[in-house]
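Participant: The listed protein sequences derive, respectively, from chains A and B.
Residue 229 in numbering that gives the first Met the number 0 sits at position 230 of the first sequence, and the numbers go up by one each step.
Residue 251 in numbering that gives the first Met the number 0 sits at position 252 of the second sequence, and the numbers go up by one each step.
Keep in mind that the hints were calculated from the coordinates and are not lab data.
Note that the Cβ used here is the ideal one computed from N, Cα and C, for glycine as well.
One thing to keep in mind: the hints can contain errors.
[Claimed, not checked] DEER-style ranges, computed between Cβ atoms: (1) Thr-140(A) with Arg-370(B): 37 to 47 Å; (2) Gly-128(A) with Glu-362(B): 50 to 60 Å; (3) Glu-129(A) with Ala-23(B): 53 to 63 Å; (4) Glu-362(B) with Glu-301(A): 57 to 67 Å; (5) Gly-321(A) with Ala-23(B): 14 to 24 Å; (6) Ala-23(B) with Ala-319(A): 44 to 54 Å; (7) Phe-328(A) with Arg-30(B): 20 to 30 Å; (8) Arg-30(B) with Gly-96(A): 31 to 41 Å.
[To be verified] Among the chain B residues that face chain A by a calculated CB cut under 7 Å, a handful are: (9) Ala-267; (10) Glu-270; (11) Arg-303; (12) Val-307; (13) Leu-311.
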Amino acid sequence: MREDDPGTMLAEQVGRLLAERSGAATLRAVERGEWPAALWEALEGLGLPLLLVPEAMGGAGLGWRAAGPVFQALGRHGAPAPMGETILAAALLAAAGIAPPPGPLSLTANGGERVPWGRHVRHVACCDGETVALCDAAGVTWAPGANLAGEPRDSAPPGGVVRSAAPVPERFGGEAAAAALALLRACQMAGALAAALDLAVEHAGTRRQFGRPIGRFQAVQQQLAVLAGEAAAAQVAADRACRAADRHGLAGAAFEIGCAKVVAGEAAGAGAAIAHQVLGAIGFTEEHPLHHLTRRLWSWREEAGTERFWAARIGREVQAVGGAALWPFLTARDEDDDTTP
Amino acid sequence: MVGLRFEPRDTPPGSAALRREVRAFLAEHGRGWTPEVRGRSWMGFDRAFSRAVGARGWIGMTWPRRYGGHERSAMERYVVLEEMLAAGAPVGAHWIGDRQSGPLLLRFGTEAQRMRLLPAIARGEAAFCIGLSEPDSGSDLASLRTRAERVPGGGWRLNGRKIWTSFAHLCDWMIALVRTAPAERDGPRHAGLSQFLVDLRLPGITIRPIRELTGEEGFNEVTFDDVPLPEDALIGREGEGWAQATSELAFERSGPDRILSSYPLLAAAAEAAADPVPIGRMVARLATLRAMSLSVAGMLEDGRSPAVEAALVKDIGNAFEQAVPERVRDLLDVADAPEGLRRLHAYVTQVAPTFSLRGGTREILRGIIARELGLR
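Whenever a hint applies, use it, and build me the whole structure from the sequences.
Facilitator: Right, dumping it as structure tokens:
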């Protein structure tokens, strides 16, 4: 990805904004149940919500490749706002020809259970197989819930007000909301792992024991190298899934999205463990920022399909293909011009 | 911000057609390959097969035509390599020449050295081995003691010993890193090393194959006893051996041979397994590793030097390759598996420890990554 890629440039803006305006105080306030109005307005001001909406519908007309770095930036800072969900919901609504309404949005594939940020958003894109419906979220009696990181995951009784509904185009597929959320979480995990690596390396360079920074010990160096490898693998898997979504559509990219969710989820578990080991007791405190990342990593790997869920899907697909045809299957995924002789 | 960036890279247009050619070739040649041959991967040595690969133009693919090459792109070469590995083809007789020795000669060799050797490598006829490790010098390579001394009137005299040299007993040539000047006290330890082209038929060379734990003979102890090397055995510049030898490490470390060594076992197990979850986990990891390896190949093609990225790909690639035989044990009861799968699993289990030793140990690679992170 080149420096002047729209996605990279936007991601840098998002990163700067979050570094300045979404500190530990904001993260804690949102976890207590507050809505970060100022932060939301600032993020909206970057033009993020309509990132994936076609230009003809007033959006930025960018693709998943541009959205990926933005999602990673949101994950890197543990952004305490549903911007990723809003981008996804707007994309799904627009794909079905429904104009995305202003304000924060969310999306659900399972009929109102554990809707991300449900109580804070104005509308929810409710995906039910082949149709997407624009549903009111305000005025709904949400049963508040939260994931391990304190991010709102709220449930609503069935039968809210539906503003409009339309079929999801084939390119997005019957599982569009689930696939889009899995892609978002994989990208966020890649970002959070990069940030956890930063924190761990910084700590290893400054914390002194036995008369030297602990990062001078090979035992610590080797662990941080493993963390760097896991973070890199998660990032590559996420990038690859975004490219596949542009190339094959969300529906056609289920394989790569699943791979990204598996690899990022595995990296989340292994990476969080290493970061905590290196940070020692201070990393286990509420005061230290590490847990804002690791609790999200542990949460996001459970959401939108665990490693086990996606691995089973991939495994079944591979078994259907068969061992002998597995290699041609894998290479053809990345090569547009492949045709059977 | 620390961490490394792996930009996505696609295989070039026409890759699918190239793959079909290679697959047809492999289907024809692979009929008689036993599970052990496929399990051996690029440590399988078969001169007849290498000549056949050379005849198809798949060795030295990127080299200039005047040296017997085919002037194709690095990414096309990548496509051919991964097809060979995925099939478990015995590519060992030309692998080192194609991957390391040929590119080294192209970069640092004289015109005469190139004309003499590169066409033979590209035909699959000249087999090379790498003379690095010594009895007292493994990961600490700069401590090596084999030495070459100038002989009055021209040429060099080589004395010392190399060990763990894969296929020295079957190869024609060794490219050896040796000392041509003593390391100066308090000076850089890597100074005074030079690379030599050693014709393994020369007098004074004793090659003793070492039996491996599989019962086979793959690596060797090579003793040099006053071996007379001609003047033009020196590669590149005297004293620059370390820089020359390490300049190609990114090529050596990031290739598909660092992620696909146990692929034939993965494919065979996928067929036989009942539980899809471990299969899915392995395939997800493999697809990601392949994207990382292709990314590094792309950086190399662009003329960059992604040495740290390559070390990282090798580290996690080796970990994956080594995990495959262990994961397969979760997939199915290996003891009751069909004979072919059982033999393949048994063979890969035995050779898997070498994956994270050859070409830079896991610990050395992680040290390189840690240095990039600013920790050393």
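Participant: Of the numbered hints stated previously, which ones are contradicted by the structure, given in increasing order?
Facilitator: 1, 3, 4, 6, 8, 11 and 12
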